[in-house]
Each structure stands twice: as structure tokens, then as C-alpha cells.
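Participant: Listed below are the residues making up each chain.
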Amino acid sequence: MAEKVLMKGNEAIAEAALRAGCLHYFGYPITPQTELTAYMAKRLPKMEGGVFLQAESEISAINMVYGVASTGKRVMTSSSSPGVSLKQEGISYIAGSDLPAVIVNVQRGGPGLGGIQPSQSDYFQATKGGGHGDYHLIVLTPSSVQEMADLTSLAFDLADKYRCPAMLLADGTMGQMMEPVALPEPHKSIIEKPWAVTGTQMKREHNIINSLYLQPEILEKTNFDRFERYRQIEENEVRYESYLMDDAEYCIVAFGIAARVAKNAITMMRKYGLKVGLIRPITVWPFPKKAIKDAADKVKGFVSVELSMGQMIEDVRLAEECKRPVVLCNRAGGMIPGVDQIIAVTKDLVCSVEGGAR
Amino acid sequence: MTTQILIAGFGGQGILFSGKLLAYKALSEGKELSWLPSYGPEMRGGTASCSVTISDEPVGSPIIDHPDVLIVMNLPSLDKYESTVKPGGMIFVDSTLIGRKVERTDVSAFYIPSTKMAQDMGTPNLANIVLLGKVLKECPAISRSYLEEALKKVVSAKHPEMFELNLKAIDAGYNYS
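Chains A and B, in that order, give the protein sequences. With the working numbering as the guide, the letters of the first sequence map in order to residues 1 to 358. With the working numbering as the guide, the letters of the second sequence map in order to residues 359 to 535.
Since the hints were made in silico from the structure, they are not lab data. Mixed in with the good hints, there may be bad ones.
Unchecked claim - The calculated DSS-like cross-link candidates involving lysine-lysine, where the alpha carbons are at most 25 angstroms apart (straight line), are:
no. : chain 1 : residue 1 : chain 2 : residue 2
1   : A       : Lys4      : B       : Lys516
2   : A       : Lys193    : A       : Lys161
3   : B       : Lys510    : A       : Lys42
4   : A       : Lys298    : A       : Lys275
5   : A       : Lys347    : B       : Lys444
6   : A       : Lys271    : B       : Lys516
7   : A       : Lys4      : B       : Lys511
8   : B       : Lys516    : A       : Lys42
9   : A       : Lys203    : A       : Lys73
10  : B       : Lys516    : A       : Lys46
11  : B       : Lys510    : A       : Lys4
To be verified - Here's a subset of chain A near chain B, in silico, CB distances under 7 angstroms, partners left out:
no. : residue
12  : Leu6
13  : Pro32
14  : Val261
15  : Asn264
Cβ coordinates follow ideal geometry from the N, Cα and C atoms, glycine included.
Produce the entire structure from the sequences given, and follow the hints as far as they go.
Facilitator: Structural data, given as C-alpha cells:
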């Protein structure tokens with residue numbers, strides 16, 4: 001294995017993208033993801049064929065991504081919550097044109113301009129569409145600096161494989177913290193892209209990249225075809241970590257930084273005999289529905305720990321089909337649920353399920 | 359074993375740098391670690407803090423609610439974090455900048471005039487490192503081993519002379535009694 005280096009999460013994403021053969025980056029600085037843009041600004045101009053461009057706005061940057069993605073080259077943009085909102089129109093066009101691209105959202109508190117501290121309140125935006133029209137992104141949620149790197153590599157591969165945009169849904173903590181990371185080996189896309197706009201050299205028909213279909217029958221077909229690919233993604237690409245679930249009587253569901261805090265809380269609770277486990281979605285679209293559904297047959301209740309007013313909790317409830325109570329443990333606006341809070345909420349749930357005082 | 363260290367002071371005192379030095383030292387030792395800075399407006403003159411967790415096992419949450427070791431370089435930080443330190447923990451105080459004593463009786467407190475010492479040495483920017491020297495001396499979980507390796511990684515290549523000056527500052531704090 002490669003020697004471990006210390007890196008900020010934002011830098012690990014950037015380095016992993018370069019190693020995945022991403023030579024095109026377009027972005028605009030915003031806290032707490034600016035180190036990613038800065039890293040690309042430093043490195044890409046020195047690389048053969050590398051293009052770094054600080055666009056005049058996020059809207060401009062995502063449309064540059066649309067352009068490069070049309071040529072089949074690996075391309076990335078990154079921002080934080082308000083900036084990702086600005087990109088939504090472009091993301092819808094990229095999805096509607098069936099193009100691979102990687103978008104990074106290092107989330108901060110909202111809505112509006114919000115704050116600069118970590119948040120997970122763009123969950124709905126990332127997993128339920130975000131822009132207009134019927135589409136999904138593959139949404140990956142790193143929970144360590146190592147995963148910031150590893151899931152970046154994976155995002156490029158999955159985007160190429162399924163011809164759809166993939167999003168890395170991180171948060172300010174993941175972006176700003178440093179941890180030892182073993183960087184992935186350089187690798188490039190091995191997927192043929194016969195659809196790419198690369199010049200015909202008078203040898204083939206023109207490839208046309210487009211999301212406009214004025215005949216509804218044809219537009220409908222593109223939607224059905226795309227959703228067949230989404231079905232394959234749901235079948236093949238669900239990823240999650242199951243932590244101490246074998247004997248668990250209660251299940252915490254959390255991703256990103258919330259999952260890290262939850263693990264500490266679980267360690268504490270197990271010390272005094274409360275059997276709690278964790279299901280940590282690594283993909284939040286596709287959501288690990290089956291893992292949650294199977295857990296519902298074994299556990300007595302779920303706690304959804306989130307840095308939002310409760311967004312993922314809806315997917316948890318849908319997945320467990322209302323078999324067990326699901327309660328929310330949350331902070332919002334840039335605050336992070338603490339170990340003490342997670343323990344208190346879990347104990348409340350235990351009391352309400354099993355009766356008795358705390 | 360897991361040691362949680364919280365370093366806090368004004369932005370510009372090298373709070374994050376101190377944390378980085380501890381982080382790189384842990385990396386050189388082959389330990390698990392996380393380094394989490396406060397970020398944003400507080401870095402420009404307000405209160406800055408940095409949470410470093412060093413462990414023999416993978417680090418859970420990088421957020422520190424109750425540190426084992428608190429290193430403070432201004433009064434607001436001592437006021438804010440004194441009560442959060444684990445019973446039996448340690449508090450290191452820059453006594454040039456903080457006039458009061460630690461009120462807790464269930465923790466060990468150490469007072470080092472690190473800002474004055476750094477000024478007297480002609481390197482006023484290294485008060486954070488002087489203070490860290492005392493931490494390395496007193497805290498069994500954070501020994502002096504691998505310090506040179508770590509310093510090499512955090513001192514800018516553009517200013518190699520800073521390596522020796524940092525070592526000198528560490529020694530000053532280490533030998534202070």
C-alpha cells in the first residue's frame with residue numbers, strides 16, 4: 001500500500017481526481033471547499049493537457065463542465081451549498097444529455113447564503129433531483145479523508161460506466177479536517193465513449209449532445225431508457241457500512257461526519273449494555289433500502305442522525321416500511337450533533353419502545 | 359489509547375500550526391490521528407481552535423467535546439474550554455497572556471510565560487512552539503520522539519532556518535520549570 005500522507009479532505013479529493021485522469025476543472029472559490037479549487041489551480045496548469053479555469057460564476061463553471069463532458073474527457077467542478085444551487089440548471093442539462101461528470105458539494109449551513117460551518121442539509125437537493133426534470137445523480141458520502149479520495153475515484157468510474165453525473169456529498173468538517181490518507185494509484189477511464197464529440201474526421205456521422213427533444217414520444221423514451229440505467233445502478237451500486245449490527249437492538253443511520261460521531265456514541269452506549277449498531281450509507285442515491293429493510297426485522301427502532309432538519313429520515317422510513325419507530329437526532333445551521341445528544345435521543349427511543357424511566 | 363488535544367487562542371498565534379506539528383508527529387509514529395481546525399472569520403483575529411486526536415485505533419469522531427489536554431493562549435479560550443476538560447486532564451496556559459489561574463482542582467495545570475520567552479529569544483512568533491515544548495515534557499501520551507521528522511514536514515521549505523529556531527523554542531519550553 002502507498003505510504004500515508006496527511007491531507008485535508010478537500011485536497012484529497014483534488015489529488016484523487018488528478019490521479020483518476022481528470023485534467024479539466026472549472027470552479028469558483030467558496031468556503032469550506034476553497035482548498036480544492038486552490039489545489040487544482042496549482043497543479044493542473046503544470047500537467048500536460050491540464051486545464052484549470054476559475055469561472056466568473058458557478059453557473060458558468062457547470063456549463064464549462066457540460067462542454068468538456070461532451071467530449072468524453074473526465075471533468076470536475078466543486079462548490080459548497082449556495083454555489084451548488086447555482087449549478088442545478090447545468091446539472092439537469094448534463095443528466096438530460098447523458099453525460100458523465102463529477103460534482104463536489106462540501107456542504108455548509110443554509111438556506112440562502114447561510115453560514116460556513118458544516119451541514120448535510122442539501123440531502124434532498126442531491127438525492128431527489130435538485131434541478132428540473134426526472135433524473136438522479138449517483139451520490140457518494142465520504143466519512144473520512146481516505147474516503148474523500150477513494151470515493152472521488154469511484155465517482156469518476158461510475159459516472160463513465162452509467163453515463164450520468166455523480167456527486168460527492170461531503171461537508172465542511174470532511175473538507176477541512178486532515179487525516180492520514182493512502183492515495184489511490186493513478187488510473188484512467190477504460191470505458192469506450194463512442195458518443196463523445198471528438199471530431200468525425202469524415203469517417204462517421206456527427207455525434208450530437210443535446211437535451212432538447214420537442215417530440216414528446218422521443219423525450220419519453222429517453223426518460224424510460226435513462227431510468228432503466230438508474231434501475232441497474234440501484235441493483236449494482238448500493239454501498240454502505242454495517243457497524244456492530246449483528247447483535248444490535250437499535251440502529252443508528254448516519255453518514256459523513258454524523259456517522260463518525262455516532263460511532264463514538266455507540267462505543268459509549270455499548271459500555272453500559274445498550275446494543276446499538278450503525279448503518280452508514282456510503283451511497284445515499286441509490287439508498288441502501290434493503291439493508292434498512294432487513295434491519296427492521298431485527299431491531300426495535302431507528303435513530304436518524306443528521307446535520308439538517310431531518311431529510312434522510314424520510315428515506316429511512318420509506319425503506320423500513322414503517323415497521324419500527326424512526327426518530328430524528330439533529331442539529332442544523334452548521335452545528336453538529338454531539339455524542340451526548342445521540343445517547344440521549346437513543347435512550348429516549350429505548351424508553352418509549354420498552355417502557356420505564358430513563 | 360486515545361488522546362484528545364484541544365489548542366485554542368487568537369487567530370495568528372499559530373494554533374493550527376501547533377496542531378499540525380502534533381499531527382505530523384503522530385503520523386511519523388505510525389499512529390492514527392485526525393486534525394480539525396476551526397475555520398472562517400475567527401481565523402482573522404478572533405478565536406481560533408484546533409482539535410487533534412491521536413490514537414492507536416482508527417479515530418471515531420474528530421470533534422472533541424471533552425479534551426484530555428487543553429492548550430490555551432488567550433483568556434477567552436481558557437474561560438470557554440476549562441470546564442470541558444476531562445477530570446484528570448491537563449491544561450497548559452500561556453501565563454504571559456492569561457492572568458488568571460485554572461480554577462478546576464481535578465486537573466493538572468501548567469503555567470509557562472511562553473509569549474515572553476519567545477520574545478526574549480527574538481522569535482516572538484514561536485510562543486506556540488515554546489508552549490508545545492512544555493506539553494511534550496509533561497504529557498506522557500505525547501513524547502518528544504519523532505519531533506524532528508514532524509518539524510521537517512511542517513516548516514516551510516522556503517524558510518529552512520526556521521527548523522533550528524523551532525527546535526530551540528521547543529527546548530526552551532521543554533526545559534522550563
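Participant: Give a verdict on every hint.
Facilitator: These are the hints, each one checked on the structure:
1. Lys4(A) x Lys516(B): 24 angstroms, holds
2. Lys193(A) x Lys161(A): Within the cut-off at roughly 10 angstroms; holds.
3. Lys510(B) x Lys42(A): 22 angstroms, holds
4. Lys298(A) x Lys275(A): 12 angstroms, holds
5. Lys347(A) x Lys444(B): 23 angstroms, holds
6. Lys271(A) x Lys516(B): 50 angstroms, violated
7. Lys4(A) x Lys511(B): 13 angstroms, holds
8. Lys516(B) x Lys42(A): Holds, at roughly 17 angstroms.
9. Lys203(A) x Lys73(A): Within the cut-off at roughly 21 angstroms; holds.
10. Lys516(B) x Lys46(A): 20 angstroms, holds
11. Lys510(B) x Lys4(A): Holds, at about 16 angstroms.
12. Leu6: 5 angstroms, holds
13. Pro32: 6 angstroms, holds
14. Val261: 4 angstroms, holds
15. Asn264: 4 angstroms, holds
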